[in-house]
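Enquirer: Please construct the entire structure, taking both the sequences and the accompanying hints into account.
The listed protein sequences derive, respectively, from chains W and X. According to the working numbering, the first sequence is numbered sequentially starting from 1. According to the working numbering, the second sequence is numbered sequentially starting from 1.
By construction, these hints were calculated from the structure, which means they are not laboratory data. Positions of the beta carbon are idealized from the N, C-alpha and C atoms, including for glycine. Errors might be hidden in some of the hints.
Below 16 Å or equal to it, Euclidean Cα-Cα: the simulated EDC-like pairs (lysine to aspartate or glutamate) are [claimed, not checked]:
1) X:K17 / W:E101
2) X:K21 / W:E96
3) X:K286 / W:E96
4) X:K17 / W:D138
Sample of chain W residues lacking proximity to chain X, with all beta carbon distances greater than 10 Å (derived) [unchecked claim]:
5) E5
6) K22
7) E29
8) M115
Listed next, with one range per pair, are the computed distances between beta-carbon atoms [said to hold, decoys possible]:
9) X:I264 / W:D74: 40 to 50 Å
10) X:F16 / W:Q124: 20 to 30 Å
11) W:N16 / X:L271: 31 to 41 Å
12) X:L271 / W:K71: 21 to 31 Å
13) W:A216 / X:L8: 43 to 53 Å
14) X:I386 / W:N171: 21 to 31 Å
15) W:K71 / X:W381: 21 to 31 Å
16) X:I263 / W:N171: 45 to 55 Å
17) X:L8 / W:K71: 29 to 39 Å
18) X:Y281 / W:N16: 14 to 24 Å
19) X:I263 / W:K71: 49 to 59 Å
20) W:K71 / X:I264: 32 to 42 Å
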Amino acid sequence: MIRIEDVGKRFGEGENLFEALKSITLEVEEGECVILSGISGSGKSTLLSLIAALDRPSSGKIVVEGELVSKLPDLHASAYRAKTIGVIFQHFNLIESLSVEENVIVPLINSGLDMPAIRKMAEQSMQRASILHKASQDVASLSGGEKQRCAIARALVNDPKVILCDEPTANLDRENSLRFIDTIQKLNQAGKTIVIATHDPLFEALPFESRVIHMADGMIGKHGE
Amino acid sequence: MLSRSPFLHFLTLLLFKQKSKHLGIMSISVVMIALVSAVLFISSSLQQTLQDTLDEQADFTVTRIEAGRPVSTPLAWADRIIEIEGVSQVAPRIHGRYFYAPREESFLVVGIDFFDEQGSKALESLVKGIDLKQFFAEESMIVGEGVKAFLQKHYYKDTFSFKTPRGQFKKVKIYEVLPGSLNLLANDMIIMPIGLAREIFGLKEDEVTDITFNVPNDAEWDNVIGKLHLVDYEIRVVEKREVEKAYENLYNYKGGIFLILYIIALLTLMLILYQRYAMVYSHERKEIGILRAVGWSIRDILKLKFYETMILVMSSFVIGTVAAYGYVFVLGAPILIEIFLGGANLENQVQMIPEVSFGTLGSLFLLYAVPFFAAVLIPSWRVAVIPPKEAMR
Ligand SMILES: Nc1ncnc2c1ncn2[C@@H]1O[C@H](COP(=O)(O)OP(=O)(O)OP(=O)(O)O)[C@@H](O)[C@H]1O
Ligand SMILES: [Mg+2]
Numbered sequence: 001m002i003r004i005e006d007v008g009k010r011f012g013e014g015e016n017l018f019e020a021l022k023s024i025t026l027e028v029e030e031g032e033c034v035i036l037s038g039i040s041g042s043g044k045s046t047l048l049s050l051i052a053a054l055d056r057p058s059s060g061k062i063v064v065e066g067e068l069v070s071k072l073p074d075l076h077a078s079a080y081r082a083k084t085i086g087v088i089f090q091h092f093n094l095i096e097s098l099s100v101e102e103n104v105i106v107p108l109i110n111s112g113l114d115m116p117a118i119r120k121m122a123e124q125s126m127q128r129a130s131i132l133h134k135a136s137q138d139v140a141s142l143s144g145g146e147k148q149r150c151a152i153a154r155a156l157v158n159d160p161k162v163i164l165c166d167e168p169t170a171n172l173d174r175e176n177s178l179r180f181i182d183t184i185q186k187l188n189q190a191g192k193t194i195v196i197a198t199h200d201p202l203f204e205a206l207p208f209e210s211r212v213i214h215m216a217d218g219m220i221g222k223h224g225e
Numbered sequence: 001m002l003s004r005s006p007f008l009h010f011l012t013l014l015l016f017k018q019k020s021k022h023l024g025i026m027s028i029s030v031v032m033i034a035l036v037s038a039v040l041f042i043s044s045s046l047q048q049t050l051q052d053t054l055d056e057q058a059d060f061t062v063t064r065i066e067a068g069r070p071v072s073t074p075l076a077w078a079d080r081i082i083e084i085e086g087v088s089q090v091a092p093r094i095h096g097r098y099f100y101a102p103r104e105e106s107f108l109v110v111g112i113d114f115f116d117e118q119g120s121k122a123l124e125s126l127v128k129g130i131d132l133k134q135f136f137a138e139e140s141m142i143v144g145e146g147v148k149a150f151l152q153k154h155y156y157k158d159t160f161s162f163k164t165p166r167g168q169f170k171k172v173k174i175y176e177v178l179p180g181s182l183n184l185l186a187n188d189m190i191i192m193p194i195g196l197a198r199e200i201f202g203l204k205e206d207e208v209t210d211i212t213f214n215v216p217n218d219a220e221w222d223n224v225i226g227k228l229h230l231v232d233y234e235i236r237v238v239e240k241r242e243v244e245k246a247y248e249n250l251y252n253y254k255g256g257i258f259l260i261l262y263i264i265a266l267l268t269l270m271l272i273l274y275q276r277y278a279m280v281y282s283h284e285r286k287e288i289g290i291l292r293a294v295g296w297s298i299r300d301i302l303k304l305k306f307y308e309t310m311i312l313v314m315s316s317f318v319i320g321t322v323a324a325y326g327y328v329f330v331l332g333a334p335i336l337i338e339i340f341l342g343g344a345n346l347e348n349q350v351q352m353i354p355e356v357s358f359g360t361l362g363s364l365f366l367l368y369a370v371p372f373f374a375a376v377l378i379p380s381w382r383v384a385v386i387p388p389k390e391a392m393r
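Expert: Next comes the structure, spelled out in structure tokens:
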């Protein structure tokens, strides 16, 4: 479960001060799929990065799976990212010089597992993301859709409870987008909590239960608006 | 074990896949380290050899002077010097430069007395398996490698004809060639029985070129010098400590040339380390952000960078020093040695005696490793502490 209470995020100082998020309050139930929609600059990515502890809120608090992530010291924040969260970034954020499999194992390197166990988990994850056939290919030479599937495999490799996706279909054609939605549906059925930031209309009418939340100007609109 | 540690697996993976990133810095580092350690090896080896010879040299050498010019020394002085309190191991020598006029080259001729125990012993240890009796019986000589090579070039195969001051020619057989390991000091040396040397220098039976002796107690040195002038007013005294100083000055002068080299190496190192430093901000910022985003802690990042740097630093240092060792002690430091020995008489093929100062090598390692680690770890840490979201932008 994700609980966001009165969260604000400001960037810059003085004249450059900019409020990207203004008093956001939101709850996401376990196993729920939430779509954050809204125009560019409305604060979707910022909110996702706060949930993932990739940045800290300026005010308010965020509790994920009972953990107060808005106040975590570094070592705990890293452990939280490693265990609880899987993020699929808009620009994938893969290490280009490494192969698909090598990218997928990155989150597990410091997990305490041994190499054979890590390889096995990576294989399962690549299977789920349908990228296993490209396991040894360098990321730099993959297509956009393949890169995204690699990013999905990496996000799933630690079997996280919460999956966060930032503009997952922005760089995909329609066929790959539908394929992605299919993957999300399966993950949702497997009980994962999913939050997707997007302005792709495809997500307005998903073939499975989901809740759409509109964001504008760093604030959340009324449900269904 | 190695392949089973995920951390080491990932470390080698990164090093291998991103080797082009490190190649430039590594090769420059290896060259710089090889150059600097080669100079260190050469100088410590030469210094050691010089020190060894100085250790063997007598504390004092005296010659007679006439109108300020060294001339033959009366053998009778030896008996008077022995009587001075505190003096020991008095040894008359016949010893001097023989100039080969057509080429303006010179040899150092050293005459050895068969009955002088010290000299004979030294000779026996220099030339293994020498038959002293035979050597002293014949009119023959033992020559340094440089002399041998020089004579050969001038068509003297087994013998050489010295010209005596009386205008006669004295034909002397080459009995043996000194081992190459002595080349630094004995390259231009000719060792022969004392009688033969006396003939070549035109000395009478009761004359020598100089007399050496020791004064074991340092405190008596000045006292002894005073008494020497009572032996004869026209005496020239050379003290070992003066010779030592002369060598030291020469060495320091050559050292100055290498100081410039050190500075160049240091500047180069600083330049490439600055490049490495900047690279973390430009190329590695995003990578660090990604690692952080998927759950690596600041500690994990620094650990990765530390081990990566350690592997690079250690391997370049080992490659550099081993290459320098081979260049100096196996190949004999071609080219560089000229700077050290430039201006020597006769062409010299000096053999370096392996002598490594681990203290100096350790300092060199620190001088290289500490800035290298700093140039990687400081920016890595600064990138690692910013929120991953910012680092990945
Ligand atoms: N580090 C930052 N410094 C200053 N302003 C920032 C920073 N990060 C985000 N912003 C600003 O905050 C606002 C919200 O950004 P955010 O990326 O969350 O928008 P978004 O809804 O994800 O937009 P998009 O649909 O284009 O991805 C934007 O106006 C952006 O310029
Ligand atoms: Mg965004």
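Enquirer: Would you mind marking each hint as holding or not holding in the structure?
Expert: Structure-based check of all given hints:
| no. | hint | verdict |
| --- | --- | --- |
| 1 | X:K17 / W:E101 | 14 Å, holds |
| 2 | X:K21 / W:E96 | 14 Å, holds |
| 3 | X:K286 / W:E96 | 11 Å, holds |
| 4 | X:K17 / W:D138 | 10 Å, holds |
| 5 | E5 | 20 Å, holds |
| 6 | K22 | 19 Å, holds |
| 7 | E29 | 25 Å, holds |
| 8 | M115 | 5 Å, violated |
| 9 | X:I264 / W:D74: 40 to 50 Å | 42 Å, holds |
| 10 | X:F16 / W:Q124: 20 to 30 Å | 26 Å, holds |
| 11 | W:N16 / X:L271: 31 to 41 Å | 36 Å, holds |
| 12 | X:L271 / W:K71: 21 to 31 Å | 44 Å, violated |
| 13 | W:A216 / X:L8: 43 to 53 Å | 49 Å, holds |
| 14 | X:I386 / W:N171: 21 to 31 Å | 26 Å, holds |
| 15 | W:K71 / X:W381: 21 to 31 Å | 22 Å, holds |
| 16 | X:I263 / W:N171: 45 to 55 Å | 52 Å, holds |
| 17 | X:L8 / W:K71: 29 to 39 Å | 34 Å, holds |
| 18 | X:Y281 / W:N16: 14 to 24 Å | 22 Å, holds |
| 19 | X:I263 / W:K71: 49 to 59 Å | 52 Å, holds |
| 20 | W:K71 / X:I264: 32 to 42 Å | 53 Å, violated |
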